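Mind assembling these two chains? They're in different frames, but the hints should get you there.
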Amino acid sequence: MGIVKEIYNSVIAGKVEDAAGGVEQGLSSGIEVDEILNNALISAMDLVGQRFAEGEIFIPHVIWSAKAMQAGMDLLKPHFSANNKSKSAKIIIGTAQGDIHDIGKNLVAMMLEGAGFEVFDLGVDVTPERFVEKAVEENANIIAISALLTTTMMSMADVVAMLKEKALFSFKVLIGGAPLSEEFCEEIGADAYGVDAREAVTKVRELLDL
Amino acid sequence: MQKAFLRKNEEKTIIFDGAMGTMLMNGGLGSIKTPILLNIEKPAFVMNIHKHYFAAGADVVITNTFGGNPLKLAAEGLDKQLEVVNREGVNIAKKACPDGKFVAGDIGPCGKMLKPLGDISIEEMQAAFYLQANVLIEAGVDLLIIETMYSLEEALAAVHGARKGGDILLLASMTFTKTKYGFFTVMGESIAQCVSALEDAGADMLGANCTLSSGDMIDLTKELRACTKKPILIQPNAGKPVTRKAVTKYQQKPSDFVRDAKKIKEAGADMIGGCCGTTPEFIQALSAAISDI
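Sequence lines, in order, name chains G and D.
Just so we're aligned, residue 1 is where the first sequence starts under the working numbering, counting upward by one.
Just so we're aligned, residue 211 is where the second sequence starts under the working numbering, counting upward by one.
Looking at chain D on its own, in the form it has when it is part of the complex (with noise of 0.2 Å):
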């Protein structure tokens, strides 16, 4: 599976599915406090967003399984329920997928900071997201993706977990903040100091998501792809949020986003897809661009 994911990423630019956070709200379930529960309360609901995916056009989705990670489940008192919301996450997502066509794990932050910032030490975080990955491989994804990192320590734990759940390809994509000097995370972190430590650490690819607009992606992914020859995903926001009467919106419209992920393309992604704000409608436009170049 690794090989035929690999094979495919060389005929073409592999596209990744959209939002499945901002979906789920405007699915009409209102405020969704814990969506990975909706996993086993309401998984119709969540394969129907994979199908819609899938059907637009997007090679790969990600399970809803971002908040999947036992130091975050354990601050909702859900740390119960670590193996049967990841593993049905899974379940749901192989259900929805076409021959031919991949599911990857997420794996998001775990919500807390290592010591001694925080309190918690890199061998409980590395063995929470051991935990996690671990359920997801053995639910049988096709690869793991680690993304919206905001701190390259924490980022570095989840590929050490990550490798000793298995042998399984793994994708790292951390999120990065603009500032006058340039790309940073939040933590201080640059793209080039990442990417290194990441390699290292063993990821097969890399990634950007989050925070950032399309329009801003388009110069991180030139600076990316400088300092890295493995292949790189590239997930931006539909815009920055704004709400009116109650409903929270993405302002950018899919024609906005795609003219974006041409330059991305250009600029040396080998993989798009679309975080927060971004719908069917976005994959679907991008895919329709993209699958000639």
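Bound-form chain G, shown alone (with noise of 0.2 Å):
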């Protein structure tokens, strides 16, 4: 079996030494750098998605997997090339205002770096301005909102009009979480939502036209 499916195999079974052994391997005998991130990290992490989504694994195996992802992307970092940088987008996520949910949070910013994008995370409890405030500073791509509580995903429409008003329009929003639904995204006006981890990758890909 060649190093790059075994890297794949590690990062499905979420064997995160396996993972970062394989990679350095893998760097070492001369593959290349978009290789192991393509075919090895992020075909794996799509397939971790996937069948998470079909209920076939659970949480602790995602983030198992997303971990062994993680190991092989921190030794491939240092070797992306400008075209790798420009490739991969920029994202700020975070957990709408008045929110400390996490978990699902973690999730999709873990698949999404998966996916090869950058990925700024500012936590919990997220206002409108600092969710601005950091997409206009990293001059990012999209604002990924995640909410568990019917009572603070409003906030995710404050971010929308936040952007409206101050005319800021190249950043796309997309909102995530249990309450949420695609007739709240189209009625607070924010450009996608994503049922789950799987799907917010599959919609950033589509705002991006990658």
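Think of the hints as simulated: they come from the structure by calculation, not from any bench.
Quick caveat: nothing in here was measured; it's all calculated off a predicted structure.
Hints should not be assumed to be uniformly reliable.
So these bits of chain G aren't anywhere near chain D, every CB distance computed over 10 Å [what the hints assert, rightly or not]:
(1) I31
(2) V33
(3) F58
(4) E206
With a straight-line Cα cutoff of 30 Å, these simulated DSSO-like cross-link-like pairs (lysine-lysine) come out [stated by the list, open to error]:
(5) K463/D <-> K252/D
(6) K5/G <-> K390/D
(7) K459/D <-> K164/G
(8) K325/D <-> K67/G
Just so you know, even glycine gets a beta-carbon here, dropped at the ideal spot from N, CA and C.
Next up, the structure:
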């Protein structure tokens, strides 16, 4: 079995040390960074996300896979060329103001990193001002907001309104969380709604035409 | 009191109350960051909700202490308020409680994940549950309800912690999702696995609540019933939430909820209540329909 396939399998199995060891071995034997990134790390997390969405695996497995992917990614990052960097869009992510639930948000953040994007995690209880400020600071492509509570999801509308008010039309807003829906997304004028972590990645790719 | 509760459960299907959180939201208080603070800021408002549920036919109301775990309070900078918010939550419910009815002290998830996935040790988690349970028991609840647990390990930490808090009737209710392979917690634990571990840990009664609507809860009840002889409590949501014009509403009507509740009863539930989106109207309809079976 080739080393790329071995890394791919390690990420799917959630084996952190094996994944890191594989990436080291791959790099030292001269395999292209893009090859490892796309065909091992990202495609493995795609499958993990798909299995999670279909109820075949559960949160602990996803977290171990994400940790394995992250360990590989940390080793790859110093070798990223300008080309890799320009391909990976910047995403600002956080839990809506008033909401301290971060399990779903962390999963989405890990899946987005796994998909090769540069993710800035602002944590929980993030004010609309902070989302917008950080997006401007990093010249981000997307603001991703999570909420578990029906009481806090309305602050997502405040982010959308603030962007409009400041005429910051280049930032796309992606929303997700248990009480949300496509209808809610349309109503508040957000750009996309992801029903789960895997769909969040799909929606980001769609928004960015990737 | 424990005996009185269990005796009542032999006489009839015990009716629990409906939602607290979604009632607070619809009560004109708008967006509420920390519902448990209302126990000290607007106690009359909380008491009124309990009174409505008792008047609607509930035998048991659950205290407004879902978010009262010290780890959760600490995440919101409220760790010093642990005792007062939990104690007042119990006092409010007890003041609203008529003779012969009951107050269940609510214990929700702590908001943290255990090591190695998260950063909390099992000892720290157990200690946190113990602290909350201790306040609730001291304040005089008739039973404790550990609910909306999406991780069996955390539920076990809660049961062990609560058991250390004192000799109290203890109900543990898990939250399951429906997959094509059956019902599992989001952490991947099956109903049978949860039941067996929770019984071994010392839970007196078991339950399932939240996430699933009443239709899916019928099948879940059959499976749960087959796994345990202990009394079981089922608390479905009122369907899935939809938001229109900045107002969040749950889709189900009381009549749909009650139609399914009868089947949940037939499937073997000993106690039925409502989770997110249910109101006193749901409980009134439930109580009227179930009292004769």
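Now for the hints, and whether the structure bears them out:
no. : hint              : result
1   : I31               : holds, 30 Å
2   : V33               : holds, 29 Å
3   : F58               : violated, 3 Å
4   : E206              : holds, 23 Å
5   : K463/D <-> K252/D : holds, 29 Å
6   : K5/G <-> K390/D   : holds, 29 Å
7   : K459/D <-> K164/G : holds, 27 Å
8   : K325/D <-> K67/G  : holds, 14 Å
Against the hints set out earlier in the document, a violation occurs for number 3 only.
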